[in-house]
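From just these sequences and the hints, can you work out the full model?
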Amino acid sequence: MVISSTVTHPDEQRQSITCTFASRYMRDPVPKFKLPESSIPKDAAYQIINDELMLDGKPRLNLASFVTTWMEPECDKLIMDSLNKNYVDMDEYPVTTELQNRCVNIIAHLFHAPIGEEETAVGVGTVGSSEAIMLAGLAFKRKWQTKRKAEGKPYDKPNIVTGANVQVCWEKFARYFEVELKEVKLTEDYYVMDPLKAVEMVDENTICVAAILGSTLTGEFEDVKLLNELLTIKNKETGWDTPIHVDAASGGFVAPFLYPDLEWDFRLPWVKSINVSGHKYGLVYPGIGWVVWRNKDDLPDDLVFHINYLGSDQPTFTLNFSKGSSQIIAQYYQFIRLGFEGYKNVMENCLENTRVLKEGIEKTGRFKIVSKDIGVPLVAFSLKDSSQHTVFEIADHLRKYGWIVPAYTMPADAQHIAVLRVVIREDFSCSLAERLVSDIVKVVNHLDTLPSALSSKSAHVAVIASETSKEVKKDITETQAEIARYWKKLVDGKRVGAC
Amino acid sequence: MVLSKTSSESDVSVHSTFASRYVRTSLPRFKMPEESIPKEAAYQIINDELMLDGNPRLNLASFVTTWMEPECDKLIMASINKNYVDMDEYPVTTELQNRCVNMIAHLFNAPLEENEAAVGVGTVGSSEAIMLAGLAFKRKWQNKRKQEGKPFDKPNIVTGANVQVCWEKFARYFEVELKEVKLNEGYYVMDPKKAVDLVDENTICVAAILGSTLNGEFEDVKTLNDLLVEKNKETGWDTPIHVDAASGGFIAPFIYPELVWDFRLPLVKSINVSGHKYGLVYAGIGWAVWRSKEDLPEELIFHINYLGADQPTFTLNFSKGSSQVIAQYYQLIRLGYEGYKNVMENCRDNMIVLKEGLEKMGRFNIVSKDDGVPLVAFTLKDHTNFDEFQISDLLRRFGWIVPAYSMPPDAQHITVLRVVIREDFSRTLAERLVADVEKVLHELDTLAARIRLISSTSNVTISEEVVKNNGQVVATKKSALETQREITAVWKKFVLERKKLNDKMNGVC
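Quick note, the sequences are listed as chains A and B, same order.
Numbered as in the numbering used here, the first sequence ends at 499 without a single skipped number.
Numbered as in the numbering used here, the second sequence ends at 509 without a single skipped number.
Take the hints with a grain of salt, since some may be wrong.
Said to hold, decoys possible - 25 Å max Cα-Cα, derived PhoX-like pairs, lysine-lysine: (1) Lys144(B) <-> Lys157(A); (2) Lys182(A) <-> Lys146(B); (3) Lys149(A) <-> Lys179(B); (4) Lys341(B) <-> Lys296(A); (5) Lys182(B) <-> Lys154(B); (6) Lys341(B) <-> Lys32(A); (7) Lys147(A) <-> Lys154(B); (8) Lys143(A) <-> Lys296(A); (9) Lys384(A) <-> Lys344(A); (10) Lys150(B) <-> Lys153(A); (11) Lys231(B) <-> Lys34(A); (12) Lys143(A) <-> Lys154(B); (13) Lys39(B) <-> Lys74(B); (14) Lys293(B) <-> Lys32(A); (15) Lys157(A) <-> Lys154(B); (16) Lys234(A) <-> Lys153(A); (17) Lys296(A) <-> Lys225(A); (18) Lys143(A) <-> Lys234(A); (19) Lys144(B) <-> Lys231(B); (20) Lys193(B) <-> Lys42(A); (21) Lys344(A) <-> Lys140(B); (22) Lys222(B) <-> Lys341(B); (23) Lys360(B) <-> Lys439(B); (24) Lys293(B) <-> Lys140(B); (25) Lys344(A) <-> Lys31(B); (26) Lys363(A) <-> Lys384(A); (27) Lys42(A) <-> Lys74(B); (28) Lys193(B) <-> Lys179(B); (29) Lys222(B) <-> Lys233(B); (30) Lys157(A) <-> Lys39(B); (31) Lys146(B) <-> Lys153(A); (32) Lys77(A) <-> Lys74(B); (33) Lys58(A) <-> Lys32(A); (34) Lys140(B) <-> Lys157(A); (35) Lys39(B) <-> Lys77(A); (36) Lys233(B) <-> Lys150(B).
Calculated from the structure, these hints are not laboratory results.
Quick look at the structure:
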């Protein structure tokens, strides 16, 4: 509680009487780079920030993100009440810690971890899949190093095999933890990791092969079962025992409910750890992920820190220490509130809305659908004809209607393909889907009336060239090449950031 | 929105929550339940269980903020569904983060020009901030060694043994050796001289702590800087300093502005501070600031295209909530320099009140200094009858959570109780705590006296019984000394068990 300072200036007493928008604090420029000298009243501070934030995009119209943007008011209440609980204080908040453990067990069972009736699952709550992946990767790296040391072989060049469609956090893991990233390149119309090519890339320095359940770009599920089979064969030949990690950030809370027969989890013997984002289809606000290991042996003990918890040992393995407890409580709320049937209902609903959107887009006749029917509920689509206008322009124009629909180029070797991607979350209803379709139609029709940005540029260049007396005469092919290079640069520049 | 199912148990909503069937059946713990339950029941079940958690505001173990103004709570709830990493979609939130970084960098006297943007980032806490800073040092050192053609496989970091556990995590996860300067009794922080002695060619940085976790002391960064400047001149290793100002970073600039510890010292290359400690924000926000662009190797930075402009990012976490960043900005503009100064001075005053109240009892030694993070760390003068762990246990009965820790090597025989004074720990609470500590001491004294009494009386009874049984030796005759020894043995075992578990504990936090 700030000690209320005795009012020194007589005109400051007017603060509480004058309406916020006319108070002097709203007239002075907002402090941006240096800490302001004096305090301001709390309602002014609130208003200033609230007003600036009005210019942010609306979370629920943000169709770029998988991350949950709506929860029930009861859950919001639980979140508010636990905002001031520091999750890491296990001693002081034993129930919150217990809730985390329950969530881990629930998720491990959902993924068919081979644990006995009385056995507890091995796993941890994290701030998101990035932290979860780093922890899983660390465990693999350490296990591999220990094995190589025992064999007396060099252990300084670990690598990890993934598809080029991995999310940026794998590249982060590779760069920060000094592991080489061996990427299986994509090809046009095949936008996920090819299990055959992946297994070919495996060598004695491979710490694990990472498969994605729910590719960021198209929502596709990679064929983990095939990968497991091929890897079993290779491991038998080589004796390297290369394991699999499944990055189920999006798919982990979709597959068990919509496609329970799809084998991708611990039912496959080489899958040693799985991560999933609680804040994607786990239906919790941003800030919660989960990583689960098959069993204790897959988590090297020297990575685990032992904290004394009410006289008993509480092992922890996280990168972050202090953080809020709200999302963990929210995740548990969702588990018991929805249960299996509830999650299944939500996912089926999302799938239905995906179908509505996809059919609406197909009916325009201008787009090619790139995403598959089986996978994470999203629709990725490219323009059949990109010569006049690009998907980037469509994305820009859609913003005018309030929609945030991102446009991305595919990674190597399919960089010439650019797609728009709409993610269907729980709160994207059927009526919103229909509205989006009609707005897309409006945008496309509007763009048809506009001259192409490409052709206008070439016209501009031609005009200048003819006007100048100077001889820099560029012929048509050169100009066209220049324009293509310009767009390519723009397109390439947009490459990183599919998330 | 869950499709509302036509309910076969249509009368569920009519019953009061506590009589509904869902609260009668046991709650699933390890497997996902098959069916959904009404939201009120879900809310009530979780709310009721959570009643058994400690009360955050009475948690005197933690530095982390437990109260914010309602206006800020409103801003937090409004932004809870914003994924911070969507910079494209939430440009204002991104801008607010940048403003906070700049304000903090200026607060730490980073050598920036008028229009130069500061180099720094918001993190989930000081753990992430320290890992990022450590990574930057490691990469810089590796690049330098590669250029010199020297081996770069054995990096190490020099710190005091009083470091918080996240430094050990950094060392273990990023394969850097931790060279710790041992403490001794009466000197519970890193000795700059010993630290500089430990520096060798493989040292990536020396980490000084502003606000030691155990007793709140500020380490002497200035002396460290001066000694290191000399050593660097001799050796040419250019070993830099990192200041872990997790607690102290939002204290020193306001109540000890003349204390030189930040970028004013030339060898300090990066600083981390916890927004959720004395930055006065709820758990989940920290800040890492670098002196200049050169101190952050370009290859660690990921470039994300942001509305056509380049937005460089360097974090371990990706998706996370935006609420705490907005809350930090709220505090910075709401309080300003004068507001933070008021809060810190108030904390310090309350700390003095608590300290003097404890000293007046005559039973404690105060281990914390007056200058430093506002906390009071104290030990018992006399350990014959009971120790600090028992005091901590009994205080819990009154609702207070006051932790007891043993010091790291080489002072493991010292155990302290530590009370952290946060913004919401008022003077009345301080006085009440003093009164409760007195009650606890009184109770423990009485208990000890009673044990002595019982042991002397029981001794008499036993010898009488034996005699009564017709001289037959039924039970071994215990002398008074033996019984006393037995009782001491029980207490000793109890204390040692706690100590053993405590030694295993890396969790002083």
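Checked hints:
1. Annotation: proposed proximity of lysine 144(B) to lysine 157(A) holds, straight-line Cα distance about 20 Å (limit 25 Å).
2. A C-alpha spacing of about 24 Å is found between lysine 182(A) and lysine 146(B), which places the hinted pair at or below 25 Å, so the restraint holds.
3. A distance of roughly 24 Å separates the Cα atoms of lysine 149(A) and lysine 179(B); the hinted pair therefore holds under the 25 Å criterion.
4. Our distance criterion of 25 Å between C-alpha atoms is broken by lysine 341(B) and lysine 296(A), whose separation comes to about 49 Å.
5. At most 25 Å may separate the alpha-carbon atoms for a hinted pair to count; lysine 182(B) and lysine 154(B) meet this at roughly 21 Å.
6. With a CA separation close to 20 Å, the supplied pair lysine 341(B) and lysine 32(A) stays within the 25 Å bound.
7. Taking the CA atoms of lysine 147(A) and lysine 154(B), the gap is about 20 Å. The hint holds against a cut of 25 Å.
8. This hinted pair checks out: lysine 143(A) and lysine 296(A) have alpha carbons roughly 12 Å apart, not beyond 25 Å.
9. Of the pairs offered as hints, the one joining lysine 384(A) and lysine 344(A) is violated, with about 34 Å between alpha carbons and a cut-off of 25 Å exceeded.
10. At most 25 Å may separate the alpha-carbon atoms for a hinted pair to count; lysine 150(B) and lysine 153(A) meet this at roughly 23 Å.
11. About 35 Å separates the Cα atoms of lysine 231(B) and lysine 34(A), which puts this hinted pair outside 25 Å; it is violated.
12. Distance check on the hinted pair: lysine 143(A) and lysine 154(B) sit about 20 Å apart at the alpha-carbon level, within 25 Å; holds.
13. Distance check on the hinted pair: lysine 39(B) and lysine 74(B) sit about 23 Å apart at the alpha-carbon level, within 25 Å; holds.
14. Taking the CA atoms of lysine 293(B) and lysine 32(A), the gap is about 20 Å. The hint holds against a cut of 25 Å.
15. As the CA atoms of lysine 157(A) and lysine 154(B) are separated by approximately 15 Å, the hinted pair is consistent with the 25 Å bound.
16. The suggested pairing of lysine 234(A) with lysine 153(A) holds, with an alpha-carbon distance near 20 Å, which does not exceed 25 Å.
17. About 23 Å separates the Cα atoms of lysine 296(A) and lysine 225(A), which keeps this hinted pair within 25 Å; it holds.
18. Between the alpha carbons of lysine 143(A) and lysine 234(A) the distance comes to roughly 19 Å, so the proposed pair stays at or under 25 Å and holds.
19. Using a Cα cut-off of 25 Å, the hinted pair lysine 144(B) and lysine 231(B) holds, with the two alpha carbons roughly 18 Å apart.
20. Under the criterion of a C-alpha separation no larger than 25 Å, the hint pairing lysine 193(B) with lysine 42(A) is inconsistent with the structure, at around 47 Å.
21. Between the alpha carbons of lysine 344(A) and lysine 140(B) the distance comes to roughly 50 Å, so the proposed pair goes past 25 Å and is violated.
22. Distance restraint check for lysine 222(B) and lysine 341(B): the Cα-Cα separation of roughly 23 Å lies within the 25 Å cut-off, and the hinted pair is therefore satisfied.
23. Our distance criterion of 25 Å between C-alpha atoms is met by lysine 360(B) and lysine 439(B), whose separation comes to about 14 Å.
24. The suggested pairing of lysine 293(B) with lysine 140(B) holds, with an alpha-carbon distance near 12 Å, which does not exceed 25 Å.
25. Of the pairs offered as hints, the one joining lysine 344(A) and lysine 31(B) holds, with about 15 Å between alpha carbons and a cut-off of 25 Å not exceeded.
26. As the CA atoms of lysine 363(A) and lysine 384(A) are separated by approximately 13 Å, the hinted pair is consistent with the 25 Å bound.
27. Taken as a hint, the lysine 42(A) and lysine 74(B) pair is honoured in the structure, with Cα atoms around 12 Å apart against an allowance of 25 Å.
28. Taken as a hint, the lysine 193(B) and lysine 179(B) pair is honoured in the structure, with Cα atoms around 14 Å apart against an allowance of 25 Å.
29. Simply put, lysine 222(B) and lysine 233(B) have alpha-carbon atoms about 17 Å apart, close enough for the 25 Å limit, and the pair holds.
30. Of the supplied pair hints, the one linking lysine 157(A) and lysine 39(B) is violated, its CA atoms being roughly 52 Å apart against a limit of 25 Å.
31. Of the pairs offered as hints, the one joining lysine 146(B) and lysine 153(A) holds, with about 23 Å between alpha carbons and a cut-off of 25 Å not exceeded.
32. As the CA atoms of lysine 77(A) and lysine 74(B) are separated by approximately 12 Å, the hinted pair is consistent with the 25 Å bound.
33. Our distance criterion of 25 Å between C-alpha atoms is met by lysine 58(A) and lysine 32(A), whose separation comes to about 24 Å.
34. Taking the CA atoms of lysine 140(B) and lysine 157(A), the gap is near 20 Å; set against the 25 Å cutoff, the hint holds.
35. Among the hinted pairs, lysine 39(B) with lysine 77(A) is consistent with the structure: their alpha-carbon atoms are about 12 Å apart, no more than 25 Å.
36. For the hint pairing lysine 233(B) with lysine 150(B), the CA-to-CA distance comes to about 20 Å; that is within 25 Å, so the pair holds.
Consistency with the previously given hints fails for numbers 4, 9, 11, 20, 21, 30, ordered from lowest to highest.
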